[in-house]
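Engineer: All chains should be modelled from the sequences, with the hints used to inform the complete structure.
Number of protein chains: 2
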Amino acid sequence: MSLKHAVLALVVERRGYGYDLAQRLEERLGPAWRLNPSAVYPALDQLERAGLVTGTARGRGTRRTTRVVYAATRAGDQALDAWLRTTSSRPEPVRSELQLRLAFARAEHRDALVAQLAAQERACAALLACYDRRPSEDREGGAARLIDDAVLGQLRAQLRWLREARAALVAGALDDRAR
Amino acid sequence: MSLKHAVLALVVERRGYGYDLAQRLEERLGPAWRLNPSAVYPALDQLERAGLVTGTARGRGTRRTTRVVYAATRAGDQALDAWLRTTSSRPEPVRSELQLRLAFARAEHRDALVAQLAAQERACAALLACYDRRPSEDREGGAARLIDDAVLGQLRAQLRWLREARAALVAGALDDRAR
Chain A
1 MSLKHAVLAL VVERRGYGYD LAQRLEERLG PAWRLNPSAV YPALDQLERA
51 GLVTGTARGR GTRRTTRVVY AATRAGDQAL DAWLRTTSSR PEPVRSELQL
101 RLAFARAEHR DALVAQLAAQ ERACAALLAC YDRRPSEDRE GGAARLIDDA
151 VLGQLRAQLR WLREARAALV AGALDDRAR
Chain B
1001 MSLKHAVLAL VVERRGYGYD LAQRLEERLG PAWRLNPSAV YPALDQLERA
1051 GLVTGTARGR GTRRTTRVVY AATRAGDQAL DAWLRTTSSR PEPVRSELQL
1101 RLAFARAEHR DALVAQLAAQ ERACAALLAC YDRRPSEDRE GGAARLIDDA
1151 VLGQLRAQLR WLREARAALV AGALDDRAR
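Residue numbers (the working numbering), protein chains in the order written: chain A, 1 to 179; chain B, 1001 to 1179.
Wrong hints could be hidden among the right ones.
A few chain A residues facing chain B, derived, Cβ under 10 Å [unchecked claim]: (1) D81; (2) V94; (3) A105; (4) A119; (5) A150; (6) L162; (7) E164; (8) A165; (9) R177.
Now the stretches of chain B that chain A is said to cover, found in silico as 3 or more residues with beta-carbon under 8 Å [unchecked claim]: (10) 1096 to 1104; (11) 1150 to 1162.
To be clear, the hints were calculated from the coordinates, so they are not data collected in a lab. Being a predicted model, the structure only gives us computed values, none of them experimental. The C-beta atom is built at its ideal place from N, Cα and C for all residues, glycine as well.
Structural biologist: Here you go:
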């Protein structure tokens, strides 16, 4: 999942430093995205090399106090618009580390898997609780609500499955797979 | 998502050529994973460098007819077992290109977004139909059913959201966002 266009979109909305852009992106995408804020910097470098943003150093000139502020170029405006008009029908893949483990675990790994499912249940419930406190109506109108609804639907389906899968493992779903 | 351990697990189950391993992995993970079969080769190289599998050339020795068959080493057996006993509570991120587009689209991009949601609805419904024809009960006992259930839950939640989001966009969810 490339963040390049999302970072470009932020810069088009309002110029900013890398750190500020990372914070705005995290706020916009929500906690379930699990953004790595430092991913913003290579995206900015790539956008700058492509001529879509320009970086200008600000500050006193020493390495510690200089920060680079990024602004969109005219080509950047156009590239963002083109991206937002592109349609792609490729469905997102459905992938998780748990699917891999379940595909290959044997009866002797049951306890470890049950523990992992329980830990992910807790993590998933905690993430859902973050969304209860997230004031998405205030952010960006109807579209912000839609983004959060997409995430909530996925998280609820995941939590339901984690509970069912744990019950199935406890009831012996791996018992026919011996070493 | 690293496939390294899944490829190791396949080789531990039964030695095989890269191509056969890719086919077995695709069968095991199901169509929603959207496996790129060629991802198996770098995983095998990595496993071989780590001493977890060994590759042996078979065939007549010319480049076109030589194939490499991979078998697990004793260290490979142990590494697989250790992986299956590791628990990680990190929840999977919830990310999609559509979230990014929705976060930044303006009113003038509505038609393109509506078209994209409709295209993804069709792709998602087609993927769900593949699972109706997938005989998961015959594959690996109860755990295969669990993997497919995880995917089905995600796909159904996605399809429900795609329909709701499209209706919301048609009803004007982006209209307050002008350029």
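Engineer: Against each hint, give a clear statement of whether it holds in the structure.
Structural biologist: Outcome of the hint check:
Interface hint status for A/D81: upheld, as the beta-carbon distance to the closest one in chain B is roughly 8 Å, under 10 Å. This hint holds: A/V94 has a C-beta 4 Å from the nearest C-beta of chain B, less than the 10 Å allowed. At about 5 Å, the closest approach between the beta carbon of A/A105 and any beta carbon in chain B falls short of 10 Å, and the interface hint on this residue holds. Hint on A/A119 holds. Least Cβ distance to chain B is approximately 3 Å, under the 10 Å limit.
A least Cβ separation of about 5 Å between A/A150 and chain B falls short of the 10 Å threshold, and the interface hint therefore holds. With a least beta-carbon distance of about 9 Å to chain B, the hint placing A/L162 at the interface is held under the 10 Å criterion. Taking 10 Å as the C-beta contact cut-off toward chain B, the hint placing A/E164 at the interface holds, the least distance being around 7 Å. Restraint check, A/A165 versus chain B: the minimum CB separation of about 5 Å is within 10 Å; hint holds.
At a threshold of 10 Å, the smallest CB-CB gap from A/R177 to chain B is about 6 Å, leaving the interface hint in force. Using a Cβ-Cβ cut-off of 8 Å, 9 residues of the segment 1096 to 1104 of chain B lie near chain A, which meets the minimum of three, so the contact claim holds. Counting residues of the segment 1150 to 1162 of chain B whose beta-carbon sits less than 8 Å from any beta-carbon of chain A gives 10, enough to reach three: the coverage restraint holds.
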